[in-house]
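*Asks:* Listed below, chain by chain, are the residues.
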Amino acid sequence: EDQVTQSPEALRLQEGESSSLNCSYTVSGLRGLFWYRQDPGKGPEFLFTLYSAGEEKEKERLKATLTKKESFLHITAPKPEDSATYLCAVQAEDYKLSFGAGTTVTVRA
Amino acid sequence: EAGVAQSPRYKIIEKRQSVAFWCNPISGHATLYWYQQILGQGPKLLIQFQNNGVVDDSQLPKDRFSAERLKGVDSTLKIQPAKLEDSAVYLCASSFKVGYGYTFGSGTRLTVV
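From first to last, the protein sequence lines stand for chains A and B. 24 is the number of the first residue of the first sequence in our numbering; add one for each residue after it. 3 is the number of the first residue of the second sequence in our numbering; add one for each residue after it.
Among the hints, erroneous ones may be present.
Said to hold, decoys possible - Within a straight-line C-alpha distance of at most 27 Å, the following computed DSSO-like cross-link-like pairs (lysine-lysine) qualify:
#	chain 1	residue 1	chain 2	residue 2
1	B	K46	A	K91
2	A	K80	B	K64
3	B	K80	A	K92
4	B	K99	A	K82
5	A	K86	B	K46
6	A	K65	B	K99
7	A	K65	B	K80
8	B	K13	A	K92
9	B	K13	A	K82
10	A	K65	B	K46
11	B	K64	B	K99
Source of the hints: derived by calculation from the structure; they are not laboratory data.
Kindly generate the complete structure, drawing on both the sequences and the hints.
*Replies:* This is how it looks when you write it as structure tokens:
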């Protein structure tokens, strides 16, 4: 069974304090690893898809990286508007998405 | 491009009552998904449609949950009778083809008391 574990569960940062979120996974035949952002009362919003080990993608203050066992989401110099829950999901050979429980990030001004 | 529309946004019912949720996907998206997200957990797939046919309903509690997608567009998810553990956010998502370009709606928050 595909498994996705995210750590930490919660992260409190001061504005400008960079940090990383971890997503470790086991999956039968990885097609892609997805990162989503979820704000309270809203559905997940797509951020990145990574397809192979060594791949990196960036968007504003966010950078996602992928290895064979885990992915990292780096937040550089975060702002309060980066506060959200970040979800990681793996897509298996059958295209099914399995989500982790998420990391809730709070950035204080 | 309009997003995935869901209604209602919130619903409170008593256990053993029935409830229905509605989803209108992005125009042209053939694949539609219903997910259940319990507080503090990631979304879990309940059912996946390709046009108006069911592709995967392996995690749908079929004794109480049902879903349909008439004419390959809108979809309805029903729970009858509801249990306390059904309290969750029900998310609808659509994609232009299986496994690509998922877009999620804002969800329906169900509270069963």
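*Asks:* Would you mind confirming whether the straight-line C-alpha gap from B/K46 to A/K91 stays at or under 27 Å?
*Replies:* 24 Å, holds
*Asks:* Take the C-alpha atoms of A/K65 and B/K99, compute the straight-line distance between them, and say whether it is at most 27 Å.
*Replies:* 23 Å, holds
*Asks:* Tell me if the straight-line CA distance from B/K13 to A/K92 falls inside 27 Å.
*Replies:* Between B/K13 and A/K92 the Cα gap is close to 40 Å, so the pair fails against 27 Å, i.e. violated.
*Asks:* Check whether the Cα positions of B/K99 and A/K82 lie no farther apart than 27 Å.
*Replies:* Judged against 27 Å, a Cα distance of about 25 Å means the pair holds.
*Asks:* Keeping to a limit of 27 Å between CA atoms, is the pair of B/K64 and B/K99 held or broken?
*Replies:* 25 Å, holds
*Asks:* Please verify whether A/K65 and B/K80 have alpha carbons no more than 27 Å apart.
*Replies:* Satisfied, since the Cα-Cα distance of roughly 21 Å is no more than 27 Å.
*Asks:* Within a Cα-Cα threshold of 27 Å, do A/K86 and B/K46 meet the stated pairing?
*Replies:* At roughly 26 Å apart (the allowed maximum being 27 Å), B/K46 and A/K86 satisfy the hint.
*Asks:* When you check the alpha-carbon spacing of A/K80 and B/K64, does it fall within 27 Å?
*Replies:* 40 Å, violated
*Asks:* Check the hint pairing B/K13 with A/K82 against an upper bound of 27 Å on the C-alpha distance.
*Replies:* Distance ~36 Å between B/K13 and A/K82 Cα, so the pair is violated.
*Asks:* So if I understand the rule, the pair passes when the alpha-carbon distance is 27 Å or less; does B/K80 with A/K92 pass?
*Replies:* At roughly 38 Å apart (the allowed maximum being 27 Å), A/K92 and B/K80 break the hint.
*Asks:* Tell me if the straight-line CA distance from A/K65 to B/K46 falls inside 27 Å.
*Replies:* 16 Å, holds
In summary, the numbered hints that this structure violates are 2, 3, 8 and 9.
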